[in-house]
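A.B. asks: Each protein sequence line maps, in turn, to chains A and B. So for the first sequence, my numbering puts the first residue at 6; every next one is plus one. So for the second sequence, my numbering puts the first residue at 409; every next one is plus one.
Simulated from the structure, these hints should not be mistaken for laboratory data. Cβ coordinates follow ideal geometry from the N, Cα and C atoms, glycine included. Keep in mind that the hints are not guaranteed to be accurate.
Listed next, with one range per pair, are the computed distances between beta-carbon atoms [said to hold, decoys possible]:
| no. | chain 1 | residue 1 | chain 2 | residue 2 | range |
| --- | --- | --- | --- | --- | --- |
| 1 | A | Phe-117 | B | Val-561 | 17 to 27 Å |
| 2 | A | Pro-20 | B | Lys-584 | 18 to 28 Å |
| 3 | A | Leu-388 | B | Arg-572 | 36 to 46 Å |
| 4 | B | Val-565 | A | Lys-530 | 41 to 51 Å |
| 5 | A | Val-317 | B | Gly-629 | 19 to 29 Å |
| 6 | A | Val-398 | B | Ile-425 | 40 to 50 Å |
| 7 | B | Arg-572 | A | Pro-20 | 17 to 27 Å |
| 8 | A | Tyr-27 | B | Ala-623 | 51 to 61 Å |
| 9 | A | Asp-570 | B | Val-561 | 54 to 64 Å |
| 10 | A | Asp-570 | B | Val-565 | 51 to 61 Å |
| 11 | B | Gln-478 | A | Phe-338 | 44 to 54 Å |
| 12 | B | Ile-481 | A | Phe-117 | 30 to 40 Å |
| 13 | B | Lys-584 | A | Leu-391 | 57 to 67 Å |
| 14 | A | Phe-138 | B | Asn-507 | 55 to 65 Å |
Far from chain B, some chain A residues (derived; all Cβ distances over 12 Å) [claimed, not checked]:
| no. | residue |
| --- | --- |
| 15 | Gly-142 |
| 16 | Val-189 |
| 17 | Leu-509 |
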Amino acid sequence: MAYADDAEHEELHEPTSFISKYVWSQDHKVIAIQYSLIAIFVGLVALVLSAMMRMQIGFPESIDMDSTEYYQAMTMHGMIMVIYLLTALFLGGFGNYLIPLMVGARDMVFPFVNMLSVWFYLLSVLVLLASFFVPGGPTGAGWTLYPPQAITQGTPGAEWGIILMLVSLIIFIVAATMGGLNYVTTVLQARTHGMTMFRMPLTVWGIFVATILALLAFPALFVSGIMMLLDTTIGTSFFMPDMFSPNQGTALDYTGGSPILFQHLFWFFGHPEVYIVALPAFGLVSDLISVHARRSIFGYRMMVWAIVVIGVLSFVVWAHHMYVSGMNPYFGFFFAVTTLVIAVPTALKVYNWLLTLWRGNIHLTVPMLFSLAFIVTFLVGGLTGLFLGNVVVDIPLSDTYFVVAHFHMVMGVAPVLVVFGSIYHWYPKITGRMLHDGIGKLHFWITFLGTYLIYFPMHYLGFLGMPRRYYAWEGYQVINPESAQSLNAFITVMAIIVGISQLLFLFNMVYSYFKGKPSGGNPWKATSLEWLTPETPPKHGNWGPSLPVVHRWAYDYGVPGAALDYTPQTTSGEEVPIHESDHNE
Amino acid sequence: MLAQTTSMPLTGDPSDIARRSASAKTGLYFLMAAISSMFFLFLLSYILRSQVSDWEALSEPWQPLAGTWQLWINTALLLVASISFEMARRDIDRPQQSNTRQFLWLAGLSSLGFLIGQLVFWRYLMDRGFLATTNPANAFFFLLTGLHALHIVGGMVAWTVASRRLSAISQEAGSKSVALAKLSIELCARYSHFLLVVWMLLFALLSSSPGTYAAIARFCGFGE
Chain A
6 MAYADDAEHE
16 ELHEPTSFIS
26 KYVWSQDHKV
36 IAIQYSLIAI
46 FVGLVALVLS
56 AMMRMQIGFP
66 ESIDMDSTEY
76 YQAMTMHGMI
86 MVIYLLTALF
96 LGGFGNYLIP
106 LMVGARDMVF
116 PFVNMLSVWF
126 YLLSVLVLLA
136 SFFVPGGPTG
146 AGWTLYPPQA
156 ITQGTPGAEW
166 GIILMLVSLI
176 IFIVAATMGG
186 LNYVTTVLQA
196 RTHGMTMFRM
206 PLTVWGIFVA
216 TILALLAFPA
226 LFVSGIMMLL
236 DTTIGTSFFM
246 PDMFSPNQGT
256 ALDYTGGSPI
266 LFQHLFWFFG
276 HPEVYIVALP
286 AFGLVSDLIS
296 VHARRSIFGY
306 RMMVWAIVVI
316 GVLSFVVWAH
326 HMYVSGMNPY
336 FGFFFAVTTL
346 VIAVPTALKV
356 YNWLLTLWRG
366 NIHLTVPMLF
376 SLAFIVTFLV
386 GGLTGLFLGN
396 VVVDIPLSDT
406 YFVVAHFHMV
416 MGVAPVLVVF
426 GSIYHWYPKI
436 TGRMLHDGIG
446 KLHFWITFLG
456 TYLIYFPMHY
466 LGFLGMPRRY
476 YAWEGYQVIN
486 PESAQSLNAF
496 ITVMAIIVGI
506 SQLLFLFNMV
516 YSYFKGKPSG
526 GNPWKATSLE
536 WLTPETPPKH
546 GNWGPSLPVV
556 HRWAYDYGVP
566 GAALDYTPQT
576 TSGEEVPIHE
586 SDHNE
Chain B
409 MLAQTTSMPL
419 TGDPSDIARR
429 SASAKTGLYF
439 LMAAISSMFF
449 LFLLSYILRS
459 QVSDWEALSE
469 PWQPLAGTWQ
479 LWINTALLLV
489 ASISFEMARR
499 DIDRPQQSNT
509 RQFLWLAGLS
519 SLGFLIGQLV
529 FWRYLMDRGF
539 LATTNPANAF
549 FFLLTGLHAL
559 HIVGGMVAWT
569 VASRRLSAIS
579 QEAGSKSVAL
589 AKLSIELCAR
599 YSHFLLVVWM
609 LLFALLSSSP
619 GTYAAIARFC
629 GFGE
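With the rest of the complex left out, here is chain A (with noise of 0.2 Å):
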């Protein structure tokens, strides 16, 4: 642990401006609050659009909303999700806060780079939002972005839009590959005395795990970028196949180029991607389900190599996004095999989780809810998962609603509950006062319970075959009847209603934040580093003149002769006993 002999005697220099320190800040905690609320922002905007496309579905005579705008708002809603809010949440908000302090660190190892990373990562949301503004307008080709249509003309934002959305993501790109160089660099330099890497907890290990995701799948996503980019501004044929205008029926300037191509690099990327998602998620709950439960996660290091597997074989499977675009059949199989096979450890970490719930001393504080609530949706997402990743199932499936309310189960709602759930958990270490507890569990069940009442029915939509992408239904009773409508509606319905209760979590966060009861430095009564800061928040340099001795793993709860149901890392073995499960003594 050289690392740490040299950081507890570094100099720290603590910044003194207004400035220096919440503006051009290098301290990892202002960086990751930084990221956090440009992503909730953001994350806002695209509330919003989903909400005015589901009036539109719902109760079309009720918006004035043209199709152009539909499927711009459809597509902005995708990307700024999954891309601009959850990665960026993820990675740059929970890992920027938590790493350093879980791993016992002062902060980043290159904190100058982490605070370039979220300037760009402002500056790619402000090109994004600046394509609401052009002529033309933002996108409308569909999260996925696939040529030729993106750049055709007749596709919405086909003139501005869609530069803007290249740009903004390779601007992304760029601070993510920054802001991931510090993580996996923290996590491998910069641990305290004994924190080995099997003491660390796990949501150390989802981000760190997604982070190597991370580095190596968003290349693929940047070269289909340059490569989109080059065909849209100097018309290259890298993407775009011969063919005629749409609109004039006159042959394009482009010649030769492969479609399949950018979805095979598309899909390299946005499969991992959905783990650079997932995984921190994993392992934030872990730790939420362990503290809340007062019980050591069960199997520690079976949890630790199901994220490093779930991790590897997300790089293989990411064809079965593209059983309709048409593929050798052995191909196909390949791909469902591995994709069904991913099942396996994923299923290992729910079992885990649910058998460290099991006599455990559960505490149905608002954190654990959202925890209990993420493990069933979790399990409701992936089942439905097996359905689409088998070919024959799939075909059949695809375009339709089915497909929307599996994506959503499982990548949208379980993740933003892990979300819910950890801010809840560690905002008092953020800002030293408590969520207020009862608008929390208001929050909860109508999130909780509606998002349910919207995704549910869409399964059955889906078995009616009612397509995804349609914006008006004029004429298509066929496949739109009376009761799909209703239902349709309902579901409108619903969506506002739990987008609306999202101003309960926001008013919780500004009013606990000046009137919330003070926390302490361990409201949970946890044992990993973060909660062991002599100061909470914890001050500039986290851990005052010296860095915190690691004796043990993260999960010490309930140990046999501890006087307390909790032992936390930094206690000795000549204090309470090093658990059995801790191989590392």
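The hints should help you fit chain B onto chain A, whose structure is shown.
C.D. replies: Relative to the frame of chain A, chain B by itself:
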């Protein structure tokens, strides 16, 4: 309950160089992994796209890459840069650092020479009507060499930092400034070796025959 903490005894130099060195090297390795991922995906795209009938390989006998002497000169420059960085890295450990500065200059100049050489070759292609839009093979050539050159430019920025740190040694002689300069040069050297390998792969691929592309495509499952 607050953290139980300990004050570890000072061990040797209290400077944080060892820590920065290990972190910087780890960070560089992951950066190189990300860059490798990017070029690997570009190369796969290149192979897949090369199997479409409109592809006219630049290596065909009547095409500009049938003779590659200009690119060989550029390759030699990049090789000199890489070797010079390595010599600079080795020399700084010797008591008389007499040659480090010269090697570092040589590395910088030959890197710059490589960039100019690549630009000259771009000009040569464009003057003969081989534009990015005229054939996908041309587009890939410009794109891949351009991105590689951008990474060299990034390396030049690091080279500037290394040079400044080396100059700082003479002004404030001390183990810390030497260690900082050494770290910078070491990182530059590794990055430069990496970019040399990337370039050699790119060069080999860009100048290969259509038959080679077809064979790789078959191997990857793209072919007939």
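A.B. asks: Determine for every hint whether it applies to the structure shown.
C.D. replies: Against the structure, the hints come out as follows:
1. Remark: the range hint 17 to 27 Å for A:Phe-117 to B:Val-561 is upheld by a beta-carbon distance near 20 Å.
2. For the pair A:Pro-20 and B:Lys-584, the supplied restraint of 18 to 28 Å holds, since their beta-carbon distance comes to about 24 Å.
3. Between A:Leu-388 and B:Arg-572 the CB atoms are about 59 Å apart, so this pair departs from the stated range of 36 to 46 Å.
4. At about 49 Å, the beta-carbon gap between B:Val-565 and A:Lys-530 stays in the expected band of 41 to 51 Å.
5. At about 20 Å, the beta-carbon gap between A:Val-317 and B:Gly-629 stays in the expected band of 19 to 29 Å.
6. Checking the proposed 40 to 50 Å range against A:Val-398 and B:Ile-425 shows it is violated: the Cβ atoms sit about 59 Å from each other.
7. The hinted window of 17 to 27 Å between B:Arg-572 and A:Pro-20 holds, with their beta carbons roughly 25 Å apart.
8. For the pair A:Tyr-27 and B:Ala-623, the supplied restraint of 51 to 61 Å holds, since their beta-carbon distance comes to about 58 Å.
9. A C-beta distance of roughly 58 Å is found between A:Asp-570 and B:Val-561, which places it inside the suggested range of 54 to 64 Å.
10. The beta-carbon spacing between A:Asp-570 and B:Val-565, approximately 54 Å, falls within the hinted interval of 51 to 61 Å.
11. Against the hinted window of 44 to 54 Å, the Cβ-Cβ separation of B:Gln-478 and A:Phe-338 comes to about 48 Å, which satisfies the hint.
12. Take B:Ile-481 and A:Phe-117: their Cβ atoms lie about 38 Å apart, and the range 30 to 40 Å holds.
13. Between B:Lys-584 and A:Leu-391, the C-beta spacing of about 59 Å keeps the proposed range 57 to 67 Å intact.
14. Taken as a hint, the range 55 to 65 Å holds for the pair A:Phe-138 and B:Asn-507, whose Cβ atoms sit roughly 57 Å apart.
15. Distance check on A:Gly-142: its Cβ is at least 27 Å (rounded) from any Cβ of chain B, clearing the 12 Å threshold; non-interface status holds.
16. Chain B draws A:Val-189 into its interface by the beta-carbon criterion, the shortest separation being 5 Å against a cut-off of 12 Å.
17. Distance check on A:Leu-509: its Cβ is at least 33 Å (rounded) from any Cβ of chain B, clearing the 12 Å threshold; non-interface status holds.
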